[in-house]
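J.: Next come the chains, spelled out residue by residue.
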Amino acid sequence: MFKNITKIISIILLSFSMSTALKAETIKVIDWQGGVVGITDSYAEFIKNFEAANPGVTVEYTQYTVATYNEYLKPALSSGAGPDIFAVYPGPDVDDINNAGHLVNLTEAMDSEWQSWLGESASIPALSRNGGLLMAPQDAFTEELWVYKDMIADLGFELPAFGDSYTVDEWIEISAAANAKGLDGLMFGPVESWCVWDGFYNMANQLNPEYPVDLTNKALNGEISWDRDMFRLPLEAYKKMHEAGVWREDSLGMDYQVQAWGKWLDREGVGIYCNGDWFTASAPAEHNTKDNANIFMMSYPKINGDVPMTYNKATGTNLGVNANSDNKDMALKFVRYTNSPEASTIFAKNGVIPVALAAMDLDILAASDNPLFNDGIKMLATEGRNTEIYYPQAEAQKALYDGIMEIFLGVASVDDVINKMNKVTGFDG
Amino acid sequence: MSSNQTSYGATFKHSPAFYILSRLVVLFFMIIIIFPILYTFSMSIRSPETVYSARFFLIPEEFSFQNYIDAFEYGEKRLKVSFPRMFVNSIIVTSSSVILIITLSIFAAFGFSHYKFPLKESIYNIMIASVAMPAQVLLIPMFYILLYMGILNTYQAVILAYAGFLIPIGILILRMFFEQIPKELSEAAIVEGASDFQLLTRVLIPLAKPAIATCIILLFLDTWNEFVYAMVFMQDSSIHTIPVALAKIGTSRYQISIGTYSAAIMITVIPVLTIFAIFQRWFIAGITMGALKH
Amino acid sequence: MNLKYNYRTLLYLFPALLIFIVFNVLPGMTSLVLSFFEFSGFETNLFQKFVGWKNFIKISNDKYFWIALKNTFLFVFGAVFIQTGIALLLAIFIFFGNFKYSTLIRSIIFFPCVLAPVSVGLVWKKIFEQDGVLNTIIGLDFSWLSSVSLAIWLIITVNTWQWIGYTLVIYYAGLQSLNTELLEAADIDGANWRAKIFSIVIPLLWPTTILNMILNLIGGFRAFDIVYVLTRGGPAHYSEVLASYLYYYSFAAGGPSKMGVGASIAFVIFGCIFSIAIIRVIAMKRINK
Numbered sequence: 003m004f005k006n007i008t009k010i011i012s013i014i015l016l017s018f019s020m021s022t023a024l025k026a027e028t029i030k031v032i033d034w035q036g037g038v039v040g041i042t043d044s045y046a047e048f049i050k051n052f053e054a055a056n057p058g059v060t061v062e063y064t065q066y067t068v069a070t071y072n073e074y075l076k077p078a079l080s081s082g083a084g085p086d087i088f089a090v091y092p093g094p095d096v097d098d099i100n101n102a103g104h105l106v107n108l109t110e111a112m113d114s115e116w117q118s119w120l121g122e123s124a125s126i127p128a129l130s131r132n133g134g135l136l137m138a139p140q141d142a143f144t145e146e147l148w149v150y151k152d153m154i155a156d157l158g159f160e161l162p163a164f165g166d167s168y169t170v171d172e173w174i175e176i177s178a179a180a181n182a183k184g185l186d187g188l189m190f191g192p193v194e195s196w197c198v199w200d201g202f203y204n205m206a207n208q209l210n211p212e213y214p215v216d217l218t219n220k221a222l223n224g225e226i227s228w229d230r231d232m233f234r235l236p237l238e239a240y241k242k243m244h245e246a247g248v249w250r251e252d253s254l255g256m257d258y259q260v261q262a263w264g265k266w267l268d269r270e271g272v273g274i275y276c277n278g279d280w281f282t283a284s285a286p287a288e289h290n291t292k293d294n295a296n297i298f299m300m301s302y303p304k305i306n307g308d309v310p311m312t313y314n315k316a317t318g319t320n321l322g323v324n325a326n327s328d329n330k331d332m333a334l335k336f337v338r339y340t341n342s343p344e345a346s347t348i349f350a351k352n353g354v355i356p357v358a359l360a361a362m363d364l365d366i367l368a369a370s371d372n373p374l375f376n377d378g379i380k381m382l383a384t385e386g387r388n389t390e391i392y393y394p395q396a397e398a399q400k401a402l403y404d405g406i407m408e409i410f411l412g413v414a415s416v417d418d419v420i421n422k423m424n425k426v427t428g429f430d431g
Numbered sequence: 399m400s401s402n403q404t405s406y407g408a409t410f411k412h413s414p415a416f417y418i419l420s421r422l423v424v425l426f427f428m429i430i431i432i433f434p435i436l437y438t439f440s441m442s443i444r445s446p447e448t449v450y451s452a453r454f455f456l457i458p459e460e461f462s463f464q465n466y467i468d469a470f471e472y473g474e475k476r477l478k479v480s481f482p483r484m485f486v487n488s489i490i491v492t493s494s495s496v497i498l499i500i501t502l503s504i505f506a507a508f509g510f511s512h513y514k515f516p517l518k519e520s521i522y523n524i525m526i527a528s529v530a531m532p533a534q535v536l537l538i539p540m541f542y543i544l545l546y547m548g549i550l551n552t553y554q555a556v557i558l559a560y561a562g563f564l565i566p567i568g569i570l571i572l573r574m575f576f577e578q579i580p581k582e583l584s585e586a587a588i589v590e591g592a593s594d595f596q597l598l599t600r601v602l603i604p605l606a607k608p609a610i611a612t613c614i615i616l617l618f619l620d621t622w623n624e625f626v627y628a629m630v631f632m633q634d635s636s637i638h639t640i641p642v643a644l645a646k647i648g649t650s651r652y653q654i655s656i657g658t659y660s661a662a663i664m665i666t667v668i669p670v671l672t673i674f675a676i677f678q679r680w681f682i683a684g685i686t687m688g689a690l691k692h
Numbered sequence: 005m006n007l008k009y010n011y012r013t014l015l016y017l018f019p020a021l022l023i024f025i026v027f028n029v030l031p032g033m034t035s036l037v038l039s040f041f042e043f044s045g046f047e048t049n050l051f052q053k054f055v056g057w058k059n060f061i062k063i064s065n066d067k068y069f070w071i072a073l074k075n076t077f078l079f080v081f082g083a084v085f086i087q088t089g090i091a092l093l094l095a096i097f098i099f100f101g102n103f104k105y106s107t108l109i110r111s112i113i114f115f116p117c118v119l120a121p122v123s124v125g126l127v128w129k130k131i132f133e134q135d136g137v138l139n140t141i142i143g144l145d146f147s148w149l150s151s152v153s154l155a156i157w158l159i160i161t162v163n164t165w166q167w168i169g170y171t172l173v174i175y176y177a178g179l180q181s182l183n184t185e186l187l188e189a190a191d192i193d194g195a196n197w198r199a200k201i202f203s204i205v206i207p208l209l210w211p212t213t214i215l216n217m218i219l220n221l222i223g224g225f226r227a228f229d230i231v232y233v234l235t236r237g238g239p240a241h242y243s244e245v246l247a248s249y250l251y252y253y254s255f256a257a258g259g260p261s262k263m264g265v266g267a268s269i270a271f272v273i274f275g276c277i278f279s280i281a282i283i284r285v286i287a288m289k290r291i292n293k
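Protein chains in written order, with my numbering: chain A, 3 to 431; chain B, 399 to 692; chain C, 5 to 293.
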């Protein structure tokens with residue numbers, strides 16, 4: 003009905019229409035990595051190579067920022083004028099977009115060569131539904147904390163071994179020393195909700211008595227109670243760190259990618275929280291050279307000294323192919339290309355860890371002169387627990403975020419939040 | 399302008415209390431208004447290394463125009479659009495919108511202020527209420543409509559979208575001013591045999607010049623800084639307008655120093671000020687002629 | 005004037021109304037109807053999942069909605085009364101104060117209006133930082149924008165700072181259209197400036213004041229950019245206004261992605277303004293009697 007009305011009106015107002023000339027075949031690609039240097043540069047090269055190999059095809063690549071992405075994507079997909087290839091925020095959006103029928107089942111579309119490139123990543127649970135991969139992962143990363151080595155040394159502390167991280171209490175100690183020198187312990191940007199979630203999920207996973215069973219997922223579904231140490235201790239840890247001033251009071255109003263990261267680049271704090279290998283290409287040049295590899299990466303704070311090493315390894319941009327696209331085959335070809343060995347080499351060259359590691363010539367990787375890039379690969383290969391960070395339960399996660407923020411603000415207690423989570427997830431008894 | 403002023407100023411000139419009070423109040427607010435702007439300007443002319451240190455916040459330690467160069471380069475490389483191009487786009491969108499809206503509003507306001515017709519006040523109330531809807535609410539339906547009309551990614555898309563929510567404001571302002579014009583003038587014109595069109599063009603519009611000028615300024619503001627529709631309906635970077643580009647710079651993951659960002663702000667602002675300064679005289683001349691009429 | 009309408013009147017009204025209907029009413033009504041449905045924003049059929057009043061019940065149970073509502077009223081109060089009041093004060097002082105550079109002064113005060121909201125937000129964010137200008141001048145170490153109670157007032161302050169020039173310009177146009185006879189008569193009577201301002205100028209400016217209040221009211225309800233840039237509605241939704249909370253529900257990354265709920269919040273906004281508009285009509289009828 004609505005569509006008919008607009009059709010009639012558009013016929014009446016046809017005098018306004020102007021047609022935009024389209025090339026022979028244009029593939030539109032969009033993502034939300036606006037400003038991430040490594041990805042922008044990699045794609046520029048991908049497009050050049052792809053267009054050369056496929057004459058008559060033009061690839062239009064537009065980057066949005068995280069904040070504005072959905073403002074474009076929702077109208078575009080909903081009205082059927084969506085791009086041919088688009089990145090999808092991992093999490094609840096995957097289900098919404100998939101249920102609306104916009105995603106091509108990549109498992110069915112993949113040939114064996116493509117699958118061999120991706121290896122295990124061809125069936126990542128968070129990106130698949132009903133056994134079919136819905137989005138092609140591009141880059142792999144570990145989510146972690148980065149610290150300046152010289153600052154740690156300056157404060158009189160020692161770095162942990164590679165793969166290890168500081169405990170909550172150690173961070174409190176370090177921050178106290180840092181504050182005395184007018185520095186922050188950690189730069190934290192909780193305005194971006196994943197910064198709050200991902201640390202929580204990591205800490206909870208450290209304490210997960212049934213690993214690898216995903217108890218967090220069960221709790222988010224309301225199948226088990228939130229009133230258990232596995233969730234209580236991380237909430238208390240967050241509260242402790244906030245009250246001890248591990249991050250500045252202002253953090254509550256700071257976002258991560260511009261302010262927290264920016265201030266860390268300005269050396270206002272020792273560490274940056276919820277950072278990741280996606281920034282290896284954007285790391286400060288003077289602190290990330292072979293001669294001065296001054297940045298150390300470590301996982302989230304350990305609840306105590308006895309927990310197993312727990313990491314947040316995940317994929318960053320994940321590209322879905324529009325099921326309603328007119329250029330589906332060519333689009334699939336392009337996405338396939340981004341997982342190829344040639345593309346992976348380009349990614350590596352630009353400091354992005356390609357997900358298709360199985361396809362890569364590891365000698366090329368080893369030859370990189372970006373210390374953080376090398377460390378990132380090492381970290382991905384380090385054994386330890388892995389944490390799921392992309393859950394589909396929107397309401398429950400919203401409640402969790404709001405709850406933790408209220409703990410920070412002193413408006414709610416840990417018990418309040420636990421009770422609220424049980425209520426929101428519908429856990430009864 | 400000044401002739402108008404002195405006739406009023408004269409009546410207040412003999413009061414020292416008013417003189418002092420007015421100076422104090424105006425000075426106070428001027429400082430509050432100017433300080434952040436000077437702060438931004440000061441940050442933009444500092445050298446990238448010393449961007450965070452300054453005396454009294456305002457006087458840079460080192461002067462440098464590096465930030466401006468960086469801002470231009472950033473626009474070229476990362477946003478694929480040059481600042482001059484963005485300016486042209488903004489000017490095209492804003493001036494077309496303003497012309498369209500003010501013309502249609504004048505006619506419609508004339509209808510509302512001088513005529514009686516069924517449902518007049520209901521339509522008017524709906525108009526006022528509709529303006530309060532935030533832009534994001536209308537985003538998806540608007541997208542559909544513009545898509546079906548085939549004008550997405552063109553200037554027309556945004557111009558019409560702006561017209562949709564600014565025409566009520568234009569009508570609101572102009573109706574109020576039209577209604578303030580003394581009835582006798584309209585009645586006299588009609589008695590002399592003027593058609594309603596002549597009534598509008600020969601009598602009302604000249605008298606409402608201050609209102610029309612004000613309206614133009616407001617419409618200019620609302621279209622110049624508008625960001626949501628500009629971003630979603632015109633994604634083609636070659637037709638980007640300034641607020642979209644600034645938003646992209648200010649919120650992207652790329653580390654951009656506050657100095658460069660301040661320079662970007664200054665770049666977008668200085669030409670606007672120049673245009674403003676030129677148009678000021680034109681406006682004031684028009685306003686004065688209108689006001690002195692009676 | 006209340007002339008009888010003829011076909012030409014309809015001609016005058018038609019283009020404006022047409023554009024208004026197509027590009028405002030139509031999308032607006034679609035959105036309002038959407039408030040009775042569940043819609044993530046991605047489905048191709050907006051109206052496939054009817055949920056009746058569920059969205060409205062949801063927001064009425066959501067404590068952050070009420071916080072947003074309260075903040076919106078505070079914000080509108082600030083815009084309508086504080087902004088209008090200060091602008092009136094400034095307009096009178098500048099107009100009657102015989103300033104040599106009155107045009108320059110007005111342009112300077114007007115200047116912030118020309119700045120993009122994103123820019124204004126970022127500049128002020130810097131000023132309000134814990135180690136920013138404000139704290140240094142006052143000598144405190146307070147985190148202004150993370151304050152549950154103060155954040156919204158800071159947003160109101162910044163918004164007033166930006167838009168005061170807008171209101172000032174309208175007041176100035178009103179002052180320039182003023183009938184000078186009454187003032188000259190008062191002069192002859194020997195009235196002092198206080199009497200002239202309060203008994204003559206302000207009452208004569210009443211229509212302009214109403215206009216400004218309406219414009220600022222509308223602006224207050226619509227305000228989104230400045231809230232978003234300064235605090236994103238934070239900390240923890242304590243400085244949300246209806247427009248930003250609507251955005252959170254509809255578009256925010258990592259948000260609930262429920263545009264139906266967003267639409268129901270828009271419904272509330274629409275309802276508020278509509279009620280005020282109706283009150284205005286009733287008030288006008290009473291005054292005219």
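Since the hints were derived computationally from the structure, they do not count as laboratory data. A quick note: this is a predicted structure, and the numbers were derived from the prediction, not measured. Treat the hints loosely; a few may be bogus.
[As the list claims (entries may be wrong)] Quick list of in silico lysine-lysine cross-link-like pairs, DSBU-like style, CA-CA up to 30 angstroms:
| # | chain 1 | residue 1 | chain 2 | residue 2 |
| --- | --- | --- | --- | --- |
| 1 | C | LYS289 | A | LYS422 |
| 2 | B | LYS518 | A | LYS351 |
| 3 | B | LYS514 | C | LYS8 |
| 4 | A | LYS292 | A | LYS380 |
| 5 | A | LYS425 | C | LYS67 |
| 6 | C | LYS130 | A | LYS242 |
| 7 | C | LYS67 | C | LYS53 |
| 8 | C | LYS67 | A | LYS241 |
| 9 | A | LYS330 | C | LYS53 |
| 10 | A | LYS151 | A | LYS330 |
| 11 | C | LYS67 | A | LYS422 |
| 12 | C | LYS62 | A | LYS220 |
| 13 | A | LYS242 | C | LYS67 |
| 14 | C | LYS58 | A | LYS425 |
| 15 | C | LYS53 | A | LYS425 |
| 16 | C | LYS67 | A | LYS220 |
| 17 | C | LYS8 | C | LYS74 |
| 18 | A | LYS351 | A | LYS330 |
| 19 | A | LYS50 | B | LYS514 |
| 20 | C | LYS8 | B | LYS518 |
| 21 | A | LYS183 | A | LYS151 |
[What the hints assert, rightly or not] With the Cβ distance kept under 7 angstroms, some of the chain A side facing chain B (calculated, not the full set):
| # | residue |
| --- | --- |
| 22 | TYR74 |
| 23 | SER81 |
| 24 | ALA83 |
| 25 | ALA287 |
| 26 | HIS289 |
| 27 | ASP371 |
Backbone N, C-alpha and C fix where the C-beta goes; we use that ideal spot for every residue, glycine too.
J.: Return the status of the interface hint for A:TYR74: holds when the least beta-carbon distance to chain B is below 7 angstroms, violated otherwise.
T.: holds, 5 angstroms
J.: Hinted pair, alpha-carbon criterion (30 angstroms max): C:LYS53, A:LYS425. Please report holds or violated.
T.: Cα-Cα ~25 angstroms, so holds.
J.: How about A:SER81: closest beta carbon in chain B under 7 angstroms, or not?
T.: holds, 5 angstroms
J.: Within a Cα-Cα threshold of 30 angstroms, do A:LYS183 and A:LYS151 meet the stated pairing?
T.: holds, 16 angstroms
J.: Is the straight-line distance between the alpha-carbon of A:LYS292 and that of A:LYS380 30 angstroms or less?
T.: Holds: A:LYS292 and A:LYS380 sit about 16 angstroms apart, inside 30 angstroms.
J.: Are the Cα atoms of B:LYS514 and C:LYS8 separated by 30 angstroms or less?
T.: holds, 6 angstroms
J.: Close enough to count: is the Cβ of A:ALA83 nearer than 7 angstroms to one in chain B?
T.: Since chain B brings a Cβ to about 5 angstroms from A:ALA83, closer than 7 angstroms, the hint holds.
J.: Check whether the Cα positions of A:LYS151 and A:LYS330 lie no farther apart than 30 angstroms.
T.: Cα-Cα ~48 angstroms, so violated.
J.: Between A:LYS351 and A:LYS330, does the CA-CA distance stay at or below 30 angstroms?
T.: Distance of about 29 angstroms is within 30 angstroms: holds.
J.: Identify whether the interface hint at A:ALA287 stands, where standing means a beta carbon of chain B within less than 7 angstroms of its own.
T.: With a minimum Cβ separation of about 11 angstroms from chain B (threshold 7 angstroms), the hint on A:ALA287 is violated.
J.: CA of B:LYS518 to CA of A:LYS351, is that 30 angstroms or under?
T.: Roughly 67 angstroms separates the two Cα atoms, so the pair is violated.
J.: For the pair supplied as a hint, A:LYS425 and C:LYS67, confirm whether the alpha-carbon distance does not exceed 30 angstroms.
T.: holds, 15 angstroms
Checked against the numbered hints given earlier, the structure breaks hints 1, 2, 10, 17, 19, 25, 26, 27 and satisfies all the rest.
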